[in-house]
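The chain contents come next:
There are 2 protein chains.
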Amino acid sequence: MNLVLLEHSDFIDSDRVRLEGRRLTHILQVHRAVKGDTLRVGLVDGKTGKGIIEQIDSVALEMVVSLDSDPLASLPARLILALPRPKVLNRTVAAAASMGIREIDLINAWRVEKSYWESPRLSDGNLRLQSILGLEQGGDTLLPSIRLHRLFTPFVREQLPQQLKGHLALLASPGAHADPPRKVTEPVVLAIGPEGGFIDREVETFRDIGFTEVSLGPRILRVETAVAFLVGRLF
Amino acid sequence: MNLVLLEHSDFIDSDRVRLEGRRLTHILQVHRAVKGDTLRVGLVDGKTGKGIIEQIDSVALEMVVSLDSDPLASLPARLILALPRPKVLNRTVAAAASMGIREIDLINAWRVEKSYWESPRLSDGNLRLQSILGLEQGGDTLLPSIRLHRLFTPFVREQLPQQLKGHLALLASPGAHADPPRKVTEPVVLAIGPEGGFIDREVETFRDIGFTEVSLGPRILRVETAVAFLVGRLF
Chain A
47 MNLVLLEHSD FIDSDRVRLE GRRLTHILQV HRAVKGDTLR VGLVDGKTGK
97 GIIEQIDSVA LEMVVSLDSD PLASLPARLI LALPRPKVLN RTVAAAASMG
147 IREIDLINAW RVEKSYWESP RLSDGNLRLQ SILGLEQGGD TLLPSIRLHR
197 LFTPFVREQL PQQLKGHLAL LASPGAHADP PRKVTEPVVL AIGPEGGFID
247 REVETFRDIG FTEVSLGPRI LRVETAVAFL VGRLF
Chain B
47 MNLVLLEHSD FIDSDRVRLE GRRLTHILQV HRAVKGDTLR VGLVDGKTGK
97 GIIEQIDSVA LEMVVSLDSD PLASLPARLI LALPRPKVLN RTVAAAASMG
147 IREIDLINAW RVEKSYWESP RLSDGNLRLQ SILGLEQGGD TLLPSIRLHR
197 LFTPFVREQL PQQLKGHLAL LASPGAHADP PRKVTEPVVL AIGPEGGFID
247 REVETFRDIG FTEVSLGPRI LRVETAVAFL VGRLF
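Chains as they are written, first to last, in my numbering: chain A, 47 to 281; chain B, 47 to 281.
Think of the hints as simulated: they come from the structure by calculation, not from any bench. It is possible that some hints are incorrect.
Note: identical chains are not told apart, hence a pair may lie in one copy or across any two.
Unchecked claim - Below, computed lysine-lysine pairings styled on DSBU-like, alpha-carbon distance capped at 35 Å:
#, residue 1, residue 2
1, 81, 93
2, 96, 160
3, 211, 133
4, 96, 211
5, 93, 211
Here the structure is a predicted model, which means the values were calculated and not measured.
Take these sequences, add in the hints, and give me the full structure.
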């Protein structure tokens with residue numbers, strides 16, 4: 047936790063917060079913070095700053111906070127991910143949030159197991175928690191917007207094309223030979239398939255609407271590894 | 047599992063293997079393979095090829111295998127990692143192996159919790175299993191060599207310098223301003239600190255022996271995210 051992310055509901059006065067639960071446990075056990083210590087803090091979707099601990103015990107922590115810095119600039123990247131298996135989903139959302147990605151579309155694909163769509167990890171609450179864990183890691187405050195699309199074609203064929211204007215649209219594809227570009231200057235929309243890849247018909251749909259297939263090399267990477275690899279490569 | 051990694055002990059004849067346990071379960075539940083199916087296989091530290099399932103049930107699987115392709119070329123990168131917390135260690139070793147990294151040194155640092163060194167996840171057996179999971183993901187066979195260094199100074203000051211010749215030595219450092227280089231042509235030694243970073247004295251030691259500090263951007267990334275980000279950036 048490189049930044050303690052605060053919610054509006056944590057405020058007990060205009061400049062004072064009270065924390066219990068997960069964040070308190072982390073601050074006690076990992077930071078080993080004591081009264082008088084200063085922590086880096088930020089308000090969800092708001093500014094960052096400092097908090098000085100005025101009181102801390104096993105029940106609660108109170109800090110006086112000052113929030114005076116703007117949040118970090120977003121990474122100009124939007125992710126279109128075939129819904130990963132639930133465990134991988136959590137790590138991928140957190141990793142994406144930690145790198146400053148603010149737009150994530152989780153889509154269906156032929157090789158996405160139907161049962162993944164029933165996972166409780168797709169709840170708003172869990173997706174928000176994973177995003178917060180990523181922001182706390184990265185030191186950031188702006189929550190990604192995460193959208194679910196249970197039908198591939200209506201989203202990819204009908205909605206996505208009009209959202210691609212001015213963007214570089216790349217599809218990570220194990221079959222591709224082209225290297226992903228380096229140091230891009232335009233915002234990127236990045237599509238990554240399920241384990242086993244998008245099927246040919248899905249790849250063709252992406253191609254039809256303007257995506258370029260790029261290779262991540264001869265190895266097949268897990269989705270959260272692929273996202274970080276591509277962020278390192280592209281920006 | 048994009049490749050079923052075989053051990054010498056799996057062979058019951060010169061071209062026939064029998065699998066039980068983890069791999070069988072995965073092949074049944076995820077691949078949903080049946081008799082006659084062909085799977086991509088590889089021998090640990092050896093060649094890759096195909097296996098044709100001759101018999102499969104809930105107890106065991108038998109395949110006739112032919113191994114005729116050389117393994118993928120290693121990534122010319124060696125990792126020097128401050129020992130991460132055990133859960134993160136597993137994911138980092140698997141991610142590194144999946145990307146073709148063959149040399150990993152796990153080192154102590156001031157901000158590495160002493161208890162991490164007592165983790166059962168540091169056993170040869172677990173490090174080998176995590177490496178295998180990464181190779182099965184990446185479709186590769188060459189196990190990384192993973193070394194433990196419980197003392198920072200003797201390793202970094204005395205052993206490491208003579209191993210840096212001909213290498214680009216980079217230290218990922220939250221304080222740095224320099225961008226990591228792109229598309230490098232020499233092999234790289236990449237040092238990544240613990241949560242909270244290397245302390246100043248440790249950073250100076252790396253600098254003294256020839257490491258250049260590079261920034262991963264304004265955000266602080268988890269070690270497994272940082273490794274993938276840097277691999278994408280450098281190669």
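Hints, one by one, checked against the model:
no., hint, result
1, 81 to 93, "within (23 Å within a copy, 59 Å between copies)"
2, 96 to 160, "between (45 Å within a copy, 29 Å between copies)"
3, 211 to 133, "within (33 Å within a copy, 41 Å between copies)"
4, 96 to 211, "neither (39 Å within a copy, 44 Å between copies)"
5, 93 to 211, "within (30 Å within a copy, 46 Å between copies)"
The structure fails to meet hint 4 from the earlier list, while all remaining hints are met.
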